[in-house]
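Visitor: Dock chain B against chain A, hints included.
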Amino acid sequence: MTWSATSDPMVSIKNVYKSFGSLDVLNGVTLDVMKGDVICIIGPSGSGKSTLIRCINALNDIQSGSILVEGLEVNDPNLDKLELRKKVGMVFQQYNLFPHKTALQNIMMAPVRVLKQNKKTSEAAALELLKKVRLEGKENTYPGELSGGQQQRVAIARSLAMQPDVILFDEVTAALDPETVGEVLQTIKELAEDGMTCILVTHEMAFAREVADHIYFTDRGIIVEHGPPETFFKDAKDPRTREFLSQIL
Amino acid sequence: MSYKTDLPVMLPVKPRALEPFKSLKKRHILLIAFLTIVGPSLVFAQTGEFEKSPLAILLDWTPLLLSGFLFNLVISFGAMALGTFVGGLLGLGQVSLFAPTRASSWLVTQFFRNAPWLVLLFFAMFLLPFELNIFGFKLPLPDWFKAILGLSLPVMANVSEIVRGAVRSLPSGQWEAAESLAYTRRQTLWLIILPQCVKRMLPPWMNLYSILTMATVLASIVGVSEVMTLTGRALAAEGGRTDLLAPFYGLVLVLFFIYCYPIARFTVWLEHKFSVIN
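Line by line, the protein sequences are chains A and B. Note that the first sequence covers residues 1 to 249 in the working numbering. Note that the second sequence covers residues 1 to 278 in the working numbering.
Next up, chain A with everything else stripped away, as it sits in the complex:
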């Protein structure tokens, strides 16, 4: 089976079940993401949103079902995880920058060490990425000296440096001070406009409404409802979705 970027979904999740011990987290989730799509997953805490996207790059394994990333089966014991992770980037809630490396080193280290790219080329690309996330001049700064929002933008640049085909954003603004949330969301928005495929778990409803092509609402490990933002936010059908939206909006 060959995967085609134009006709097949970039990420195809089918009937995925996942539990931590006796706790069922995902109870049969199915969703497709096409190339260039921006999808937002929203839902109450503990509904399995983060687990779902962590399964996409195999940070968590699944019990049953199938996750295809560009035709690569994630739920395969012989999966080449490195191959998968070169395709899938990830940005975390806690940034997880490497504190002993400068911003520039954080960004260029993986291309040099993992993709075996030329050091000069990687450095030039990393500086370009820093400019893209509006952090020119911060290349020699250590993460500890940057604000949360700046660290998160370095983390986004670090992920982009690997030239992934899809990026997972796991509640990336949840740990930020309110005044720095905007700068990170702006960066993500620009990525989305550039055509990057993005899967976001977020609590920023206004942002989801603005950038998402499609919104998924999860509760207790299933997708309760989904649709394009206009219809999703205006006339949600399921009572659980309505209740959630009424609490948040």
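There could be a bad hint or two in this list.
BS3-like mimics (lysine-lysine), calculated; alpha carbons at most 27 Å apart, straight line [as the list claims (entries may be wrong)]:
1) Lys35(A) with Lys131(A)
2) Lys14(A) with Lys86(A)
3) Lys273(B) with Lys138(A)
4) Lys81(A) with Lys116(A)
5) Lys138(A) with Lys199(B)
6) Lys101(A) with Lys273(B)
7) Lys101(A) with Lys120(A)
8) Lys116(A) with Lys86(A)
9) Lys199(B) with Lys101(A)
10) Lys101(A) with Lys81(A)
11) Lys119(A) with Lys101(A)
12) Lys138(A) with Lys101(A)
Reference excerpt, derived from the structure (chain B facing chain A, CB under 7 Å, subset only) [said to hold, decoys possible]:
13) Gly173
14) Glu176
15) Leu181
16) Ala182
17) Tyr183
18) Gln187
19) Thr188
20) Ile192
21) Gln196
Short, incomplete list of chain B residues facing chain A, as computed with Cβ under 10 Å [claimed, not checked]:
22) Pro171
23) Ala178
24) Thr184
In short, the hints are calculated from the structure, not lab data. Virtual Cβ for every residue (Gly too), placed ideally from N, Cα, C.
Guide: Here is chain B on its own, set in the frame of chain A:
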């Protein structure tokens, strides 16, 4: 910024101030030297019973005792170097993903960590042959070398725990970030995890070194000619004069103190520095 108000308000949490350094002053050091060496000699000087004062005798023997102390330091360097190297590997074994490696490293670590140092030293001394036969070459195993081997065992086990503890103390997000950037586990360990661990490992490692240095005198029990052995022999050569005991052993105490105290101070300073930064 702060506001004056009568209303009950929640104040921002302030980190508890670090305790100020307690530091030895010159007078403390003088006092210690006096009590251990000079004092007893002065007491003697007033009695004037023998020809030579203990202080003069002590001065005669000092070069020999110093050379013995240097030997202690050699043993401490050797045991620390060997123990750190093997213990480092053992510590990495303890965080291995391969269960048998992990289990056996854990077992070895626990075994040697919970064994008395002196017993391990006896084992190394009396179970190792006095020379090794390697392909017909006879390689002598001197006592001091066996002492290094014996003392390196507990060092190894403790270093192993220091490494394991440091690796485990890093937030799991560091591993996950590295994983999601397609680093191999080995790259993650060497490029991302271990460099961050060095800072965390340094203070306990130096603490261990200090303890090891003081434990090198155990080698006297198994006949290595280090400072304690030489002190005993010097005292015997002087005819077992009881008034010499305090100055001689006092000198040994002071030697160790002069060597170990700065290490302890430096360790405290490092801990202080890192706790402020992190």
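Visitor: Tell me the numbers of any earlier hints that the structure contravenes, in ascending order.
Guide: Number 19 - this is the single hint that the structure violates.
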